[in-house]
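**Q** Go ahead and model the full structure; you've got the sequences and the hints to work with.
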Amino acid sequence: MSDAIYVPAGPVELETRDLSVHYGEVPAVQGVSIKIPDRRVVAFIGPSGCGKSTLLRCFNRMNDLIPGARVLGEAIFQGSNLYGPGVDPVDVRRRIGMVFQKPNPFPKSIYDNVAFGPRINGYRGSMDELVERSLRRAALWDEVKDRMDASALALSGGQQQRLCIARALAVEPEVLLMDEPASALDPIATQKIEDLIYQLKQDYTVVIVTHNMQQAARVSDFTAFLYMGDLVEYGPTQGLFTNPKEDRTEAYITGRFG
Amino acid sequence: MTHRHFQDELDTLKARLVAMAGLAESAVRTAVASLLERDAGKARRVVEGDRAIDALEMEIEDRSINLLALQQPMARDLRMIAMAMKISSDLERVGDHAVNIAEAVNWLIESPLFPITPEIEEMTRLVTWMLKDALDAFVRADSKLAREILTRDDRVDELHENSFRILLTHMMEDPRKISAGMDFLLVSGNLERIADLTTNISENTIYMLEGRVVKHHAESADAAGA
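Protein chains in written order, with numbering that gives the first Met the number 0: chain Z, 0 to 257; chain W, 0 to 225.
Rather than coming from a laboratory, the hints here were simulated on the basis of the structure. Wrong hints could be hidden among the right ones.
[Said to hold, decoys possible] In silico DMTMM-like cross-links for lysine to aspartate or glutamate, where the CA-CA straight-line distance does not exceed 25 angstroms: (1) W:131 to W:10; (2) Z:144 to Z:202; (3) Z:244 to W:10; (4) Z:34 to Z:63; (5) W:143 to Z:246; (6) Z:191 to Z:37; (7) Z:191 to Z:148; (8) W:13 to Z:2; (9) W:143 to Z:2; (10) Z:101 to Z:179; (11) Z:244 to W:141; (12) W:143 to Z:245; (13) Z:244 to W:209; (14) W:85 to W:61; (15) W:176 to W:102.
**A** Structure below.
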């Protein structure tokens, strides 16, 4: 394998083997093999349409929901194939949570947003404690603890996004996938999300898709550069941004593309 | 998405660095000539010319910081800007050493004739050659040449040690030669420092071009570890 594709030395949380995704006839991801280390932050970067979001969605089978999408190859979570027979996508999505570009809170109270998932899963512990713990982990608790019954829609965009992160954490996942989690936020809210990502990696494996290269450089331990469905380069973030191995990576990150 | 403005700014930064390098190189040449020719006028030109080198250092620093702040450069652009800052401060020191030599020449002209040792002549030849090649390597993006320069520093160090011994012997034999001997020692020490700074410039040029750290023998340590 090319030395432009990093292979983690420690435990691997997520992995793809020769994974391809087609939307109808069009391949969006072609033969990608990548290993995501446990409790690290990995960023996927690349121009629009390079397949980074498609690759991210394979990890919790969100592509299943897109008509005409076909997934070939393997996506492996803790050693077992996510697309194997008998795997329940709903269970996959509980263990591998996702946060989207636009904050999408339910039109319910702050409390109910966080409690929603655990209730469906029949959570038996103290719901108040779980809600508080999730909000604390999402660095939102102090801002909302006195108005838990207020509508989630009354929160600012940045707070709504952290609420969505709290909601994802409430079902106690092992991995958090983030698709452009800060692209709709102002710089201060963005910084809060980035700080939060830094803290989350103590307990979770985080995979983030971002258009913002500086953001990838700031928050991630490892960066993968995708181009036209190919994984071009994957390695420690610091090395990739100061001295990339592949010419296409160099061209992209220095803004000399096409 | 090639941002032309950024590319223009990078080209300007590089051009200013080349201009500064030209001034530093000519300061060393003129300082050395003033020594060999006992020419006070040349020595004065070196001292006066240092202001332009200092001004360029500040300008390059300012341009580099602005580019870092406003453009968030990556990869080879980032390395180029970071190294432009380091190389410009090395060049500024080269200019200062040229001034030190020129100032020593002013004293030497007034003291009784003291033969210039072949070691110092050889050092001046080597050092100006290294400096010129280091700047060529930077301008032509020639990392092979930059690596070659690194091998020349040992010879300069050796010559400096020899001049130290020879000058010491002269001074012990005849105390009237102490003043001139000390001045020559200063010249030799400044030439040796210029060779060191030239080595730094070459190391930074290699990092800029290849992204590889070669200073402090990092590369041979890497090879041994691998």
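**Q** Does each hint hold? Answer for all of them.
**A** Quick rundown of the hints versus the structure:
| no. | hint | verdict |
| --- | --- | --- |
| 1 | W:131 to W:10 | holds, 21 angstroms |
| 2 | Z:144 to Z:202 | holds, 23 angstroms |
| 3 | Z:244 to W:10 | holds, 24 angstroms |
| 4 | Z:34 to Z:63 | holds, 22 angstroms |
| 5 | W:143 to Z:246 | holds, 20 angstroms |
| 6 | Z:191 to Z:37 | holds, 23 angstroms |
| 7 | Z:191 to Z:148 | holds, 23 angstroms |
| 8 | W:13 to Z:2 | violated, 32 angstroms |
| 9 | W:143 to Z:2 | holds, 24 angstroms |
| 10 | Z:101 to Z:179 | holds, 8 angstroms |
| 11 | Z:244 to W:141 | holds, 19 angstroms |
| 12 | W:143 to Z:245 | holds, 21 angstroms |
| 13 | Z:244 to W:209 | holds, 10 angstroms |
| 14 | W:85 to W:61 | holds, 13 angstroms |
| 15 | W:176 to W:102 | holds, 18 angstroms |
The structure does not agree with numbered hint 8 stated previously, though it agrees with all others.
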